[in-house]
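Sequence order for the protein chains is A and B.
Sequential numbering of the first sequence, starting at 1, is according to full-length UniProt numbering.
Sequential numbering of the second sequence, starting at 1, is according to full-length UniProt numbering.
In short, the hints are calculated from the structure, not lab data.
Bear in mind the structure is a predicted one, so any value in this text is a computation, not a measurement.
Treat the hints with care, as some may be off.
[Stated by the list, open to error] Some chain B residues near chain A, calculated using beta-carbon distances under 7 angstroms:
hint, residue
1, Ala34
2, Leu37
3, Ala120
4, Ala123
5, Asn125
6, Leu126
7, Ala129
8, Arg131
9, Ile135
10, Glu154
11, Ala215
12, Leu218
13, Met220
[What the hints assert, rightly or not] The calculated DSS-like cross-link candidates involving lysine-lysine, where the alpha carbons are at most 25 angstroms apart (straight line), are:
hint, chain 1, residue 1, chain 2, residue 2
14, B, Lys130, A, Lys137
15, A, Lys157, B, Lys43
16, B, Lys130, A, Lys183
Virtual Cβ for every residue (Gly too), placed ideally from N, Cα, C.
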Amino acid sequence: MTQSFDHPLEITGTPPPMVSFRNVCKAYGSLVVLDNLNLDINAGEMVSIIGPSGSGKTTVLRMLMTLEQINGGVIYVDGKPLTHMPKHGKLVPANQRHLRQRRVDIGMCFQHFNLFPHMTALENCMEGPVQVLGMRKPEARARCEELLEMVGMIDKKDQHPSRLSGGQQQRVAIARALAMRPKVMLFDEVTSALDPEVIGEVTEVIRKLVSEHNLTMLMVTHQMGFARDISDRVCFFYGGKIEEQGPPSQIFGNPERERTQQFLSAVREAI
Amino acid sequence: MTIVEFLSTYWPRLLTGTGVTIVQFFLAAFLGVAISLVMGLLKLSPNRMLRGFAISYIEFFRGTSLLVQLFWIFYVLPLFGVSIDKFTAGYVAVGMNIGGYGAELVRGGILSVRKGQWEAALAINLSPAKRMWRIILPQALVNMLPAWGNLMIELLKATALVALISVPDLMFEARQINGSTFLSAQVFGTALVIYYLLARFMITPFMRWLERFMARKLGMV
Ligand SMILES: Nc1ncnc2c1ncn2[C@@H]1O[C@H](COP(=O)(O)OP(=O)(O)O)[C@@H](O)[C@H]1O
Ligand SMILES: [Mg+2]
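Just chain B, same shape as in the assembly (with noise of 0.2 angstroms):
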């Protein structure tokens, strides 16, 4: 069978496969965004009991296997009665333990903005948390958004372990194919393709053009 044969015959699945990745790519990277501000303002924290409680969830999702947080938040939290649904495990496993990765960039952001920033800030006596969203945060965010890139890249090849608790992403498709058919050569060089161009035409063009807009919105150019 030719590739033009196989991916004549097989493109509807591959694409909507493609279509459950971009969806699972986009909610884990929005709940990955919020905890990663959470976390990262959380590390930062002046109260030891929140910033313990950051350091651990950062120590925890970075420390140990995607794979295995995937399995226990699918496998492991309905036997303590949490039951969630295939498809939400797997972008909240994805999110959150993108978001360890995550915090570490806003906090690392957020301390390269220059001490200047929050003096002057507190000189006109503006409240803490809004030297910290109106002053610091804008421009921790031009600072960081580089590191977000790669991240995010990180973030969708992440996505294909969902396939491993049978949601019906584009690496799960793949599978299936390749399980009916054993044209694997096939199967997941188109695969790779497209996890390739997702990563090069869309992400990385996105995250290239929310710098430069940001850059100008902020007048930082």
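Just chain A, with the same shape it has in the complex (with noise of 0.2 angstroms):
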């Protein structure tokens, strides 16, 4: 396991990746999860991330969101640790205060929408601008309610999550993420638990985020066809490493390692 002093204090580069994961490693008991993950996004990437259950997509994007801690390596956004924080010189595990101060780059997007049953669509938007951003209500509920109107739903703002459908949810969820305004957006499988049916009415606010807007996107997926369309880059995942990246023509169309090969062919075989 890599120690967190090898790693430097700030990634320099003009403009440095805006994450990067340097020889992360994750670990539950003795299970390893994550092995010596290495991965660079741009600013502005579309990567998607496939492969089959279990290989540990999820926990990618769970410790860029900081809902997990890492047990080896480091995690940088926009040039500076995010897993961790100088001190003397060197490169010490983050404190709480430091994980608040680093998280507000990031926005995530869940399976399940995680919208809060208490609050209305509008609320739940505003809950964040208002409370962590400090915004005052005016100005919180102009940013929100226009993003509601970009996700098409702006008359069902006054609803609450209950009395509405899984494609409405989460694409409320995603306007609650962005009303942030964050640098990196995570999606992880945010169509998985949603009825064929609306599955393309979410497909089509992030296809629309990732045509107008600048922002960095890592997304979990299976719908390879999806994936296909909207990446700039698409990595395997196979048994916690990354077992093959490159631009979507070639891992779909050309995909060199077998693995990859199998997956693709088993999913293929699957619709």
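Build the complex from these two chains, which are given one at a time in their own frames, with help from the hints.
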């Protein structure tokens, strides 16, 4: 396992990668989930993660969202360490205060939406801007109504999540994450819990984000067609490692690794 | 003496006793809810000292007799220089006792909120206090209200013990009347019915209403 002191205090470069995993390891007890992960994501890039269940895809996103601690290596966001902080010229594991400061750059959407059930769609979106960013309510409302408009949920803004379909809830969840103006957006199988007929309305929103905004995005998905359409790069995960990565045309059209070929043909047969 | 004659003679005393019981109930409930919240949260604290304190509190108040706790607060604390009047000692003892049970309800309610809610609250970078107060507790409250209904009825019944330190509640008045008239069946029969009516027609409907009100207010119906 690589020690954090081998890693630089800051990543220089013009510009530095927006996200950088350096020798990141993650284990649950004796189960090694991610084994020395190295992955750089550039600003504005859309990277899809595909791979079999249990290969560690969700864990990658959860570590970046600081929902999981890492056991080795360092994650950098925008050139500066996220999981660590500099102290006496060395990197030491981040404390809660550092995590809170650095996490503002990251937004995440979950498979099961996780909207706050006791708040309306608009209140869900305003919670972060008002309570975290300290925005005044009229200003936050204007920002959030604009976002709900963008995801096509403005006419349902006063509904509670229990009154919304899965697709609608997920669109509100995307607006809620965007309301914090993150630099990096994470999507973890955001369409997996949806009925087939509403998947399109959520992928449409993500498509719009890719074409109209300069967000850096990391998306775990089982929708190969969608990943092929919108990704700048696709990473195929297998057993806690990146088995193969490249532009979608390569991964889907001409994969080099046998495991990638097997996985993709298994997925195609399933459809 | 028929029950009608009995009631027409003694109703003023029974009524003031019932009034005292109701006041004791509300004060003990207020204190009990506050203690439950604090101890329930402390028991979930990552700090071992705080957690240990909450565990000791809960163990002590649930594991020992309310009557003994009441006597401690009223008779023993003065020996250490802490004198409390009997009225205060009554609801404080009952409230602290109920707080031990309520703390477990609060803890259970908080743990019943799905993990995804914590994660979503962290993902928008809410502070730990706001995560708890604004996201988790409102949902925990809805989940634990039904159990609180039962606890409130237990609390009402527990207040009868304050008669033993001479707080002039319903039970105290009933014992006094019984002592001078020996009309045991009428006296304690009436007391029984009054406690039942308070529980059945005051506490239960209020808690049901509160459950519906909270569920509606939180849009969780
Ligand atoms: N909290 C946890 N405790 C123990 N094992 C876990 C935990 N979370 C995930 N795992 C394990 O880590 C591995 C990777 O999980 P995950 O990242 O969710 O995979 P994927 O998203 O690719 O399906 C799996 O074997 C899973 O069982
Ligand atoms: Mg997953």
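- Numbers of unmet hints, in rising order: 1, 2, 7, 8, 10, 11, 15
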